[in-house]
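J.: Starting from the known structure of chain A, fit chain B onto it as the hints suggest.
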Amino acid sequence: MDFNLSEEQIDIQKAAREFAQGEFDPEHALDLDRNCQFPLKIWKKACNLGFIGIHFPNRYGGQDLGLVENILIVEEFCRQHSGIGMALGLSDFGSEMILRFGNDDQKRRYLPPIATGESASSLAYMEQVQTNEFSAFNTVAIRNGDGYFINGKKLFVVNGKLSGPMVVLCQLNNPEFDEQVALIVEKNSEGPAVSMMGGQMGMRMVPMVSLTFNNLKVPHENLIGDEGNGRFQFINFLNEMRIEVSAMGIGIAQGAFDLALTYSKQRVQFDQKIASFEAIRNKLADMVTRIEMARLLTYKAAWDFDQNGGNVMLNCMAKMISAETAFEAADDALHIFGGYGYIVENQIEHFYRDARMVNTFGEVGRTQKKLIANKVIGKI
Amino acid sequence: MDFDLTCEQKRIREMCRKLATEVIAPRAEEMERTGEYPYDIITQMASLGIMGIPFPKEYGGGEGDWVSMHLCIEEVSRGDVSLGSLLDVTTSVVGNEIYTFGTEEQKQKWLIPLAQGKEIGAFGLTEPDAGSDTAALKTTAVLEGEEWVINGSKQFITNIGLDNASIIVITAKTRVEQNGRMTISTLVVPKGAPGFTLGQRYEKMTFHASATHEVFFDDCRIPKHYLLGDIKKGLAQHLSVLQTGRISVAAISTGLAQACLDEALAFTTQRFRSRQHQLESQTIPFKIADIAMMIELSRMIYLKAAWLKDQGKDYTLEAHFAKLFATETAKKIASDVFNIYGLFGCLDQYPISRYFKVAKLFEIVEGTSEMQRLVISRELLG
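Top line first, the protein sequences correspond to chains A and B. Counting in this note's numbering, the first sequence runs from 1 upward without gaps. Counting in this note's numbering, the second sequence runs from 1001 upward without gaps.
In isolation and in its complexed conformation, chain A is listed as follows (with noise of 0.2 Å):
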């Protein structure tokens, strides 16, 4: 048992926190969020200097470390800013598709890109109606000759606007069969249509967009894997997607006490600092311990992926305790600030809009919890 990071991560951690802090400036992120915009020029330094793709190996552009590293970076971005960091932690979204189950040309041709900040990646999956746990698509893929007919519509599919390859889930065939792929769709003019899902109100330089399908062809080398592999490929990617959301909360979460902690050392009511109340006190204190609760899940949960390859059980019960922690947390924050909360330039508001997205991405929250009472209570 060792809870100390090791001195390269310490390391990474502090180059993150760093980076966040010089470059993450504050009249920027308040355009940024105001516009909807994505973080393209601090995205393209954090590619230059390595933070993203860090998992991916040496030979397609990463850094050859794991799930651990990753999560640190991802938690300081969100610390010091909700937006901008889960902007740049989701710029690869969906990559880990191809890093864990492409084949080397694929890996090739699409992850070096992705780290260098030529490209972004993401993972089209949600539908108008979702069945359970992603359990079947509506989306299909008819295999024909040497490659594959998409038709259907996917929503809320991060950087759609950005280049890149996506990848798409799809049922093959037929709704009825019960297999599913995995294809990889480059964003050309052959793509598919790409709408916007419409204003948002949390991780809104993250704008989501639609896809609709109609007869795109895509051929056969960009199928990830085996035919019939999609779904066992997807549970996989969410494993390592929870701990990252995760990393999300957390960072969302200290982001938040850090500002609240400071504010109630400066607010003077009753001529008292008000962090002297005992209300306040008790609350720092709640925000404090629920953050180190949820840290250390999600950095076990992550231990444990880059050591035997992930437990659901695991990675479940860290997203879902980030997810309360970021919104508990933030929503305290916001209420130590008071009405000043409210106002945009104080740049709390948006830790409370991005921080109740941490539930709601990627899966919702109660999936998890379903999950977790399946592996616990198991047959009966």
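What the hints contain is simulated information worked out from the structure, not anything from laboratory work. Keep in mind that a hint or two might mislead.
Okay, the calculated beta carbon distance ranges per label pair [claimed, not checked]:
| # | chain 1 | residue 1 | chain 2 | residue 2 | range |
| --- | --- | --- | --- | --- | --- |
| 1 | A | L40 | B | L1005 | 53 to 63 Å |
| 2 | B | G1035 | A | P26 | 44 to 54 Å |
| 3 | B | A1289 | A | P57 | 45 to 55 Å |
| 4 | B | D1348 | A | V129 | 18 to 28 Å |
| 5 | A | I142 | B | R1201 | 49 to 59 Å |
| 6 | B | Q1349 | A | K41 | 49 to 59 Å |
| 7 | B | E1105 | A | C36 | 51 to 61 Å |
| 8 | A | N346 | B | D1290 | 26 to 36 Å |
| 9 | B | E1029 | A | F270 | 56 to 66 Å |
| 10 | A | G22 | B | G1382 | 48 to 58 Å |
Listed below are the simulated DSS-like cross-link pairs for lysine-lysine, each with C-alpha atoms no more than 30 Å apart in a straight line [stated by the list, open to error]:
| # | chain 1 | residue 1 | chain 2 | residue 2 |
| --- | --- | --- | --- | --- |
| 11 | B | K1232 | A | K369 |
| 12 | A | K265 | B | K1118 |
| 13 | A | K161 | B | K1204 |
| 14 | A | K370 | B | K1287 |
| 15 | B | K1287 | A | K379 |
| 16 | B | K1304 | A | K265 |
| 17 | A | K161 | A | K41 |
| 18 | A | K369 | B | K1304 |
| 19 | B | K1232 | A | K273 |
| 20 | B | K1204 | A | K273 |
| 21 | B | K1204 | A | K41 |
| 22 | A | K273 | B | K1233 |
| 23 | B | K1332 | A | K370 |
| 24 | B | K1204 | A | K265 |
| 25 | B | K1332 | A | K375 |
| 26 | B | K1313 | B | K1057 |
| 27 | A | K107 | A | K217 |
| 28 | B | K1287 | A | K375 |
| 29 | B | K1057 | A | K273 |
| 30 | A | K265 | B | K1057 |
| 31 | B | K1287 | B | K1233 |
| 32 | A | K273 | B | K1138 |
| 33 | A | K273 | B | K1287 |
| 34 | B | K1233 | B | K1304 |
| 35 | B | K1118 | B | K1010 |
Being a predicted model, the structure only gives us computed values, none of them experimental. Virtual Cβ for every residue (Gly too), placed ideally from N, Cα, C.
T.: For chain B alone, coordinates are given in the frame of chain A:
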């Protein structure tokens, strides 16, 4: 004991529900998006006599009671909370303060147009360094001959940015007693008074249709007789009408929570129509049961507080209970319904993100939850 509403109370509730459903709710998204104030709806509310419900006929009112007023605030807020808040401030707080403490002349001058809804009132208490600590105000008013000369600023002022906002009732330090304590008085400042400046409209997380601004007084001059009530009891007067405001905030939050439930029911039944097992599972239905129960409890406590006020009885504790319970409940419900929506909740095209963002506000305004708990505990512990 009688839980029935009177015919008149029912009539008012139905009238307001119709207005909220047919006129307000369909405009709410646009109001939030554009930040344009809905003057036409405000005019329509005025023509229905909504702003004057609890005041006597001779002051332009509807001769109704505070129960009716709060039923109205709940229904209007179910359509859009910014209009519920407009009613809270102009009727429950400002109109109420002038009605309770004003001279006949002051009532004739200011209450009648407020009650008729032709003019809108604003309430000035909060300052940059005086939030929960209301007595820490820095604004001063000095009597020079026949005029008060006011210097200072007030912030987070609801309604003041409306074109037809006519007055702001403020607290100011008027003199320092020999024992070093200061006298705080309430003054009625017309929006056009010399030296009055309307500050910038705040850029807020949400609540864009509510006209919230900072205001400044630079040698602002008003006639001597614009002093409201007892010169020495200004703060107590000002805070006493917030007691009614608390019932109103509870009614707003109840309306908001009800709107969340409406959405949850619509979304759940629509989205999962083809998937019966979602409704048969327990997580979401049980959540909805909890939500409905909490809303009913919020409604009961604000109605009791309003009823006590109508009876002329002490309603201090009930007003605090109502404010604390209904606001915390509404925030919890908005958050729960957001989760029922999943990622759809974050899209502006559905009202739930708007409800979620604004629900938190009511835990803060008109006394934070901490201040409610402080007063309740002091009432109980002595």
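J.: If a hint holds in the structure, say so; if it does not, say that too.
T.: Do the hints match the structure? See the list:
Hint check: L40(A) to L1005(B), Cβ distance near 58 Å, so the stated range 53 to 63 Å holds. A hinted range of 44 to 54 Å for the beta carbons of G1035(B) and P26(A) is inconsistent with their spacing of about 23 Å. Between A1289(B) and P57(A) the Cβ separation comes to about 51 Å, which falls inside the hinted range of 45 to 55 Å. Judged by the Cβ atoms, the range 18 to 28 Å given for D1348(B) and V129(A) holds: they are separated by roughly 21 Å.
Separation of I142(A) from R1201(B) is about 55 Å and conforms to the stated range, judged on CB atoms against 49 to 59 Å. For Q1349(B) paired with K41(A), a C-beta distance near 30 Å fails the hint of 49 to 59 Å. Judged by the Cβ atoms, the range 51 to 61 Å given for E1105(B) and C36(A) holds: they are separated by roughly 53 Å. Checked against the given bound of 26 to 36 Å, the beta carbons of N346(A) and D1290(B), roughly 33 Å apart, stay inside it.
E1029(B) and F270(A) have their C-beta atoms about 40 Å apart, which leaves the hinted 56 to 66 Å range violated. Between G22(A) and G1382(B), the C-beta spacing of about 55 Å keeps the proposed range 48 to 58 Å intact. The straight-line distance between the Cα atoms of K1232(B) and K369(A) is roughly 59 Å, outside the 30 Å bound, and the hint therefore fails. Taking the CA atoms of K265(A) and K1118(B), the gap is near 45 Å; set against the 30 Å cutoff, the hint is violated.
Between K161(A) and K1204(B) the CA atoms are separated by roughly 28 Å; this keeps the pair inside 30 Å, and the hint holds. Proposed proximity of K370(A) and K1287(B) is supported: the alpha carbons are some 15 Å apart, at most 30 Å. Distance hint between K1287(B) and K379(A) is fulfilled; the C-alpha atoms sit about 26 Å from each other, no more than 30 Å. A C-alpha spacing of about 39 Å is found between K1304(B) and K265(A), which places the hinted pair above 30 Å, so the restraint is violated.
At most 30 Å may separate the alpha-carbon atoms for a hinted pair to count; K161(A) and K41(A) meet this at roughly 16 Å. Taken as a hint, the K369(A) and K1304(B) pair is broken in the structure, with Cα atoms around 39 Å apart against an allowance of 30 Å. For the given pair, K1232(B) sits about 29 Å from K273(A) by alpha-carbon distance, which is consistent with the 30 Å threshold. Between K1204(B) and K273(A), the direct Cα distance comes to roughly 25 Å. Compliance with the 30 Å bound is thereby established for this hinted pair.
With a C-alpha separation of about 27 Å, the suggested pairing of K1204(B) with K41(A) holds against the 30 Å cut-off. For the given pair, K273(A) sits about 28 Å from K1233(B) by alpha-carbon distance, which is consistent with the 30 Å threshold. The hinted pair formed by K1332(B) and K370(A) meets the criterion: a straight-line CA distance of about 21 Å does not exceed 30 Å. Distance check on the hinted pair: K1204(B) and K265(A) sit about 24 Å apart at the alpha-carbon level, within 30 Å; holds.
Of the supplied pair hints, the one linking K1332(B) and K375(A) holds, its CA atoms being roughly 29 Å apart against a limit of 30 Å. A distance of roughly 23 Å separates the Cα atoms of K1313(B) and K1057(B); the hinted pair therefore holds under the 30 Å criterion. A distance of roughly 21 Å separates the Cα atoms of K107(A) and K217(A); the hinted pair therefore holds under the 30 Å criterion. Between the alpha carbons of K1287(B) and K375(A) the distance comes to roughly 23 Å, so the proposed pair stays at or under 30 Å and holds.
For the hint pairing K1057(B) with K273(A), the CA-to-CA distance comes to about 48 Å; that exceeds 30 Å, so the pair is violated. Restraint check: the Cα-Cα separation between K265(A) and K1057(B) comes to about 51 Å, which exceeds 30 Å; the hinted pair is violated. Under the criterion of a C-alpha separation no larger than 30 Å, the hint pairing K1287(B) with K1233(B) is inconsistent with the structure, at around 47 Å. Annotation: proposed proximity of K273(A) to K1138(B) holds, straight-line Cα distance about 18 Å (limit 30 Å).
Annotation: proposed proximity of K273(A) to K1287(B) is violated, straight-line Cα distance about 39 Å (limit 30 Å). For the hint pairing K1233(B) with K1304(B), the CA-to-CA distance comes to about 28 Å; that is within 30 Å, so the pair holds. At roughly 25 Å between alpha-carbon atoms, K1118(B) and K1010(B) fall within 30 Å of each other, so this suggested pair holds.
Taken one by one, the earlier hints fail for this structure at numbers 2, 6, 9, 11, 12, 16, 18, 29, 30, 31 and 33, listed in ascending order.
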